[in-house]
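Let's have the full structure, built from the sequences with the hints guiding it.
Chains as they are written, first to last, in my numbering: chain A, 1 to 401; chain B, 1 to 81.
Think of the hints as simulated: they come from the structure by calculation, not from any bench. Values in this document were obtained by computation on a predicted structure and should not be read as measured data. Incorrect hints may have been included.
[Unchecked claim] Below, a list of computed lysine-lysine pairs in the DSBU-like style, where the Cα atoms sit at most 35 Å apart:
id, chain 1, residue 1, chain 2, residue 2
1, A, 165, B, 78
2, A, 146, A, 156
3, B, 79, A, 165
In case you want the letters, here they are:
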Amino acid sequence: MADLFDKFDPMIRAREALGFEDTSPIDVVMEQIISPTEAVIKGKRTILAGTNNYLGLTFDPRCIQAAHEALDAAGTGTTGSRVLNGTYTGHKALEAAIANLYGAQHCMVFSTGFLANMASIGTIAGKDDVIVIDADSHASIYDACKMSDATIVRFKHNDADDLDKRLRRLGTGANVLIVIEGLYSMLGDKAPMKELVEVKNRHGASLMVDEAHSLGVFGETGCGVVQEAGVMHDVEFVVGTFSKSVGTIGGYCVSNHPKFEILRLAARPYMFTASLPPSVVASALKAIEILGSEPQHREKLWRNARQLHEGLTRAGFNLGAAPSPVVAVKIDDRDMAVRLWEQLLNNGVYVNLAMPPATPQGLNLLRCSLSAAHTEEQVKTIVDTFERLARSNSVLSQPAA
Amino acid sequence: MSNALDEIVTLIAPLNRKGVAVTPSSTFATDLEWDSLTVMDFVAEMEDHFDIIIPLNLLPDLETVGQVADAVNTLIEKKNG
Numbered sequence: 001m002a003d004l005f006d007k008f009d010p011m012i013r014a015r016e017a018l019g020f021e022d023t024s025p026i027d028v029v030m031e032q033i034i035s036p037t038e039a040v041i042k043g044k045r046t047i048l049a050g051t052n053n054y055l056g057l058t059f060d061p062r063c064i065q066a067a068h069e070a071l072d073a074a075g076t077g078t079t080g081s082r083v084l085n086g087t088y089t090g091h092k093a094l095e096a097a098i099a100n101l102y103g104a105q106h107c108m109v110f111s112t113g114f115l116a117n118m119a120s121i122g123t124i125a126g127k128d129d130v131i132v133i134d135a136d137s138h139a140s141i142y143d144a145c146k147m148s149d150a151t152i153v154r155f156k157h158n159d160a161d162d163l164d165k166r167l168r169r170l171g172t173g174a175n176v177l178i179v180i181e182g183l184y185s186m187l188g189d190k191a192p193m194k195e196l197v198e199v200k201n202r203h204g205a206s207l208m209v210d211e212a213h214s215l216g217v218f219g220e221t222g223c224g225v226v227q228e229a230g231v232m233h234d235v236e237f238v239v240g241t242f243s244k245s246v247g248t249i250g251g252y253c254v255s256n257h258p259k260f261e262i263l264r265l266a267a268r269p270y271m272f273t274a275s276l277p278p279s280v281v282a283s284a285l286k287a288i289e290i291l292g293s294e295p296q297h298r299e300k301l302w303r304n305a306r307q308l309h310e311g312l313t314r315a316g317f318n319l320g321a322a323p324s325p326v327v328a329v330k331i332d333d334r335d336m337a338v339r340l341w342e343q344l345l346n347n348g349v350y351v352n353l354a355m356p357p358a359t360p361q362g363l364n365l366l367r368c369s370l371s372a373a374h375t376e377e378q379v380k381t382i383v384d385t386f387e388r389l390a391r392s393n394s395v396l397s398q399p400a401a
Numbered sequence: 001m002s003n004a005l006d007e008i009v010t011l012i013a014p015l016n017r018k019g020v021a022v023t024p025s026s027t028f029a030t031d032l033e034w035d036s037l038t039v040m041d042f043v044a045e046m047e048d049h050f051d052i053i054i055p056l057n058l059l060p061d062l063e064t065v066g067q068v069a070d071a072v073n074t075l076i077e078k079k080n081g
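Written out as structure tokens, the structure reads:
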């Protein structure tokens, strides 16, 4: 009998071929967290430019205090599912606050963003239904599709005409759930929301938008790309996560569907896992209040995003998309991407190394994400370090003398 | 009975980076060394070429070029009623 793990041999070989000198991304340990934008890694003070901590709320004193109070009042964990002993006053308050933020009738909170997608996509679409997803969808969307009994169809990334074509081919028989993201996490490109909603409405389908990377980032009160595009009430479901702008962990789904609440009895990733700990719920609730009522964090985030995008563009880098809090630097050669990533780390700048198949179009990316908590000085240091290392490795040509 | 095999082999050609001889028994993962994303992009190309929908649900059973051709033939026949 062969070894169960033999199937991983190609992956093991591929990983070994990447040629990290000392540290690979999975070896990175945050030895000390100094602030939302700084940590000690390998004994060195490092600027964090790849943490998705968009609003920098992980150290907000109000969030910390709310978490402390809940911890003292309600203990370390709920030890139970939402449908057993795991629904506390805090869970209901958090759901009410998110529903209120979106002006929606219903909200369900899940234990992670991944589970929010598994529970909502995987349950809402059943055997006779069709799920149509954007080709560049996150792994949690693909896996939710696998969990569902629905027929799965993929359309070309951010292409409303391609979606239209596929919906036309599908005909009018089945119920269709379209799933897209607000901001795509790898390249930092935004969905053409109005165009996609128009196609969706024309075909009588339902639309779910994953605002994982856009909650708190877009829209007047931070609801995401659906709010910025003015289509919030044309979208049947919005899902999102607390692990980015909200600064903790968990996920949610909001909807106005009159039968939405039945998911509490139908969605297995909601029922068969423990609910969020009270301290997590309390800091999430505080962060949701802050992101809805304090646009200054969003404004600062965007200033930082534009500064980084402009700086890297001026230096000559090829970037993934228009300015957004996700700024992806494309590096043609894979070995060079690996080397630059490690040199950035050794020079005090942590970014994300992203490679196929996690990236679209076979791209190798040094992916940065900005925070409202970054200072102008830190962003400048990120740009300067990128530029210096890219020039010394001849990824960028030397500046004219 | 339609036969999509020849057209599929033609569609594979530009993506056949290793230049292997494509036969019905060629596998996408091992012979052509395509990753899952390349396979899915190729599915989209076949969908447009034949004007059909190839659900992703079918992919686990489509390991070889011949299996894909059979599936496409079935989908074309279904479309034409």
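Structure-based check of each hint:
As the CA atoms of residue 165 of chain A and residue 78 of chain B are separated by approximately 18 Å, the hinted pair is consistent with the 35 Å bound. A distance of roughly 19 Å separates the Cα atoms of residue 146 of chain A and residue 156 of chain A; the hinted pair therefore holds under the 35 Å criterion. With a CA separation close to 15 Å, the supplied pair residue 79 of chain B and residue 165 of chain A stays within the 35 Å bound.
Violated hints for the displayed structure: none, as all numbered hints are satisfied.
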